[in-house]
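J.: Each chain, written out:
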Amino acid sequence: MLKICKINLRTFTNRHISRLIHNETNKNQEADFGFRKVKYEEKQTKVNEVFDSVAEKYDLMNDAMSFGLHRLWKNQFIQEIDPNPGMRLIDVAGGTGDITFRYLSYLKNLDSTKFEESQLPLVTVCDINDNMLSVGKNRSVKMKFKEQIVWKVGNAEKLVEENDNTYDVYTIAFGIRNCTNIENVVKEAYRVLKPGGRFMCLEFSKTNNPVFKRIYDFYSFQMIPVMGYMIANDWNSYQYLVESIRMFPSQDEFASLISDCGFRLVSYKNLSNGAVAIHSGFKF
Amino acid sequence: MRILTVLRKETSSFIKTNLAQRTVLTVGSGLLSIFDPHRDDMISAFGELTSFGVLSDLQRKMLNDPEGALILKEKPVINSKVLDLNKLATFPEKTFGKEYVEFLRINNITPDTRKPVRFIEDEEQAYVMQRYREIHDFTHCILGLKTNMLGEVTVKIFEAIQLDLPMCWLAGIFGMLRLGPKHTQVYLDQNLPWIIQNAKQSKPLINLYFEKYFEKNIDELRAELNLTILSPKINEFKD
Chain A
1 MLKICKINLR TFTNRHISRL IHNETNKNQE ADFGFRKVKY EEKQTKVNEV
51 FDSVAEKYDL MNDAMSFGLH RLWKNQFIQE IDPNPGMRLI DVAGGTGDIT
101 FRYLSYLKNL DSTKFEESQL PLVTVCDIND NMLSVGKNRS VKMKFKEQIV
151 WKVGNAEKLV EENDNTYDVY TIAFGIRNCT NIENVVKEAY RVLKPGGRFM
201 CLEFSKTNNP VFKRIYDFYS FQMIPVMGYM IANDWNSYQY LVESIRMFPS
251 QDEFASLISD CGFRLVSYKN LSNGAVAIHS GFKF
Chain B
1 MRILTVLRKE TSSFIKTNLA QRTVLTVGSG LLSIFDPHRD DMISAFGELT
51 SFGVLSDLQR KMLNDPEGAL ILKEKPVINS KVLDLNKLAT FPEKTFGKEY
101 VEFLRINNIT PDTRKPVRFI EDEEQAYVMQ RYREIHDFTH CILGLKTNML
151 GEVTVKIFEA IQLDLPMCWL AGIFGMLRLG PKHTQVYLDQ NLPWIIQNAK
201 QSKPLINLYF EKYFEKNIDE LRAELNLTIL SPKINEFKD
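So the protein sequences, as listed, match chains A and B.
Residue numbering for the first sequence follows our numbering, starting at 1 and increasing by one per position.
Residue numbering for the second sequence follows our numbering, starting at 1 and increasing by one per position.
Each hint should be verified, as a subset may be incorrect.
[Said to hold, decoys possible] Examples of chain A residues lying across from chain B (beta carbon under 7 angstroms, computed):
| no. | residue |
| --- | --- |
| 1 | Q222 |
| 2 | V226 |
| 3 | M230 |
| 4 | N233 |
[Stated by the list, open to error] Derived BS3-like pairs (lysine-lysine); straight-line CA-CA distance at most 27 angstroms:
| no. | chain 1 | residue 1 | chain 2 | residue 2 |
| --- | --- | --- | --- | --- |
| 5 | A | K213 | B | K16 |
| 6 | B | K16 | A | K39 |
| 7 | A | K187 | A | K152 |
| 8 | A | K37 | B | K75 |
| 9 | A | K57 | B | K115 |
Simulated from the structure, these hints should not be mistaken for lab results.
Just so we're clear, the structure is a prediction, and the values are computed from it rather than from any experiment.
Don't be surprised by glycine CBs; every beta carbon is placed ideally from N, CA and C.
Turn these sequences into a full structure, and let the hints guide you.
T.: In structure tokens:
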């Protein structure tokens with residue numbers, strides 16, 4: 001059920017205000033790396049190291065950790081986008097290509113002639129980590145989508161290679177919580193989108209269901225690092241991933257941030273009891 | 001005797017775990033060790049996780065022996081930075097040091113392959129585990145056993161009898177099932193009775209400060225430890 005967040009009904013808690021101010025003044029000081037604090041400039045390097053380490057077994061671990069659910073979440077994400085032929089997508093933090101491939105498959109199934117005739121490239125995939133992009137590139141060959149995709153290394157907070165007003169859709173799936181300054185990412189999204197363009201974010205969020213929360217907390221904090229160690233021989237990266245989920249703002253906080261950056265008709269939809277949420281906003 | 005318990009701090013190699021995590025890890029690492037023998041991190045993990053009951057007994061055993069207590073006090077480590085392998089190679093023939101370097105060369109191994117202990121929280125017990133891993137090659141050398149399957153299984157039984165670690169028992173028993181017919185025969189007829197005798201009669205090797213005996217003649221050392229070796233035919237590591 002879509003929940004429309006009215007722009008003039010934003011309620012600021014003291015915590016929210018202080019966090020926003022904190023973000024501004026703390027720019028040269030500290031950032032969250034899971035539950036740890038690191039120097040602002042260091043976060044990116046550390047995140048990069050995490051993804052260097054997990055890239056090879058990333059897809060396998062996603063299946064194992066979410067029991068295959070991540071596929072359903074991503075499918076739903078694409079349904080929400082409702083792609084039309086000719087829509088240009090930028091998939092940020094797109095790494096191994098899950099969203100991109102689904103997007104292209106959807107368009108191809110919708111109208112395969114128009115798909116073949118579309119102006120190339122259809123999708124730009126941008127990721128800060130080269131190893132993740134390599135995995136994605138290899139998969140694109142297998143999926144026969146090699147021609148439609150352009151792969152670029154880049155920073156979501158500063159998409160230097162992208163011009164203003166370029167894209168119809170901007171997606172970032174399970175990537176934004178790894179960025180150092182979320183607000184900068186959303187602002188960049190606003191910049192590169194055309195007027196009428198749509199910002200779509202799929203990310204872990206907060207669950208309010210107390211029973212589910214207990215099971216979820218136990219599972220994510222206790223079991224996921226163990227699984228990471230057994231499957232990918234990496235405890236610490238998955239510890240970080242689980243902690244980074246907890247540090248991310250709630251559905252409403254994030255929605256407020258999105259509208260502060262200029263987006264309108266900001267809304268969100270919960271999946272799996274709020275463990276995951278799809279946020280959407282339009283530029284006009 | 002009171003044993004002081006010091007808990008390890010969280011570092012990049014030590015990971016604090018609770019009961020639920022250890023249960024899952026024990027089962028998981030056990031299965032992975034069997035189905036993917038290349039995952040030596042899983043084998044190490046399984047070894048550590050199954051050792052909990054036994055390590056404090058082993059610790060006590062070391063503290064009760066003067067040489068063992070010295071090892072626990074000084075906590076020596078064994079790797080190629082600490083051991084001067086080039087120097088050991090210059091030692092006279094039949095000294096323990098020389099034999100050890102030859103053993104490494106012939107079997108194509110180094111002293112650096114042992115994984116750090118990750119799941120044992122008590123600092124001293126973690127060291128005991130580490131020491132057990134690090135002296136494995138010394139044990140091979142002093143028993144005159146190759147690092148092939150037959151040799152490994154034999155050493156594991158030796159360690160199992162002396163240290164009582166569950167992982168050693170499991171590896172020794174299941175390892176035997178993987179031996180080819182010829183080796184199984186040799187193992188049962190020759191190696192097994194000999195090694196059982198040796199393990200019971202010799203000084204526990206966990207209490208031996210190996211590093212202090214490099215210049216000693218290896219046969220004298222064996223005699224002092226009350227160890228015998230097999231006749232050369234199949235087991236001698238010099239070809």
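J.: Does each hint fit the structure? Answer for all of them.
T.: Going down the list of hints, with the structure as the test:
A cut of 7 angstroms between beta carbons decides the hint on A/Q222: the least distance to chain B is about 5 angstroms, and the hint holds. For A/V226, the interface hint holds, since its Cβ comes within 7 angstroms of a Cβ in chain B; the closest pair sits about 5 angstroms apart. Interface restraint check: A/M230 against chain B, minimum CB-CB distance 5 angstroms, threshold 7 angstroms, status holds. Hint status for A/N233 relative to chain B: holds, with the closest Cβ pair at about 6 angstroms, below 7 angstroms.
Restraint check for A/K213 and B/K16: satisfied, since their Cα atoms lie roughly 23 angstroms apart, inside the 27 angstroms limit. A threshold of 27 angstroms between alpha carbons decides the hint, and for B/K16 with A/K39 the separation of about 25 angstroms falls inside it, so the pair holds. Using a Cα cut-off of 27 angstroms, the hinted pair A/K187 and A/K152 holds, with the two alpha carbons roughly 19 angstroms apart. Distance hint between A/K37 and B/K75 is unfulfilled; the C-alpha atoms sit about 34 angstroms from each other, more than 27 angstroms.
Straight-line distance between C-alpha atoms of A/K57 and B/K115 comes to about 22 angstroms, which keeps the hinted pair within the 27 angstroms bound.
In this structure, the one hint that does not hold is number 8.
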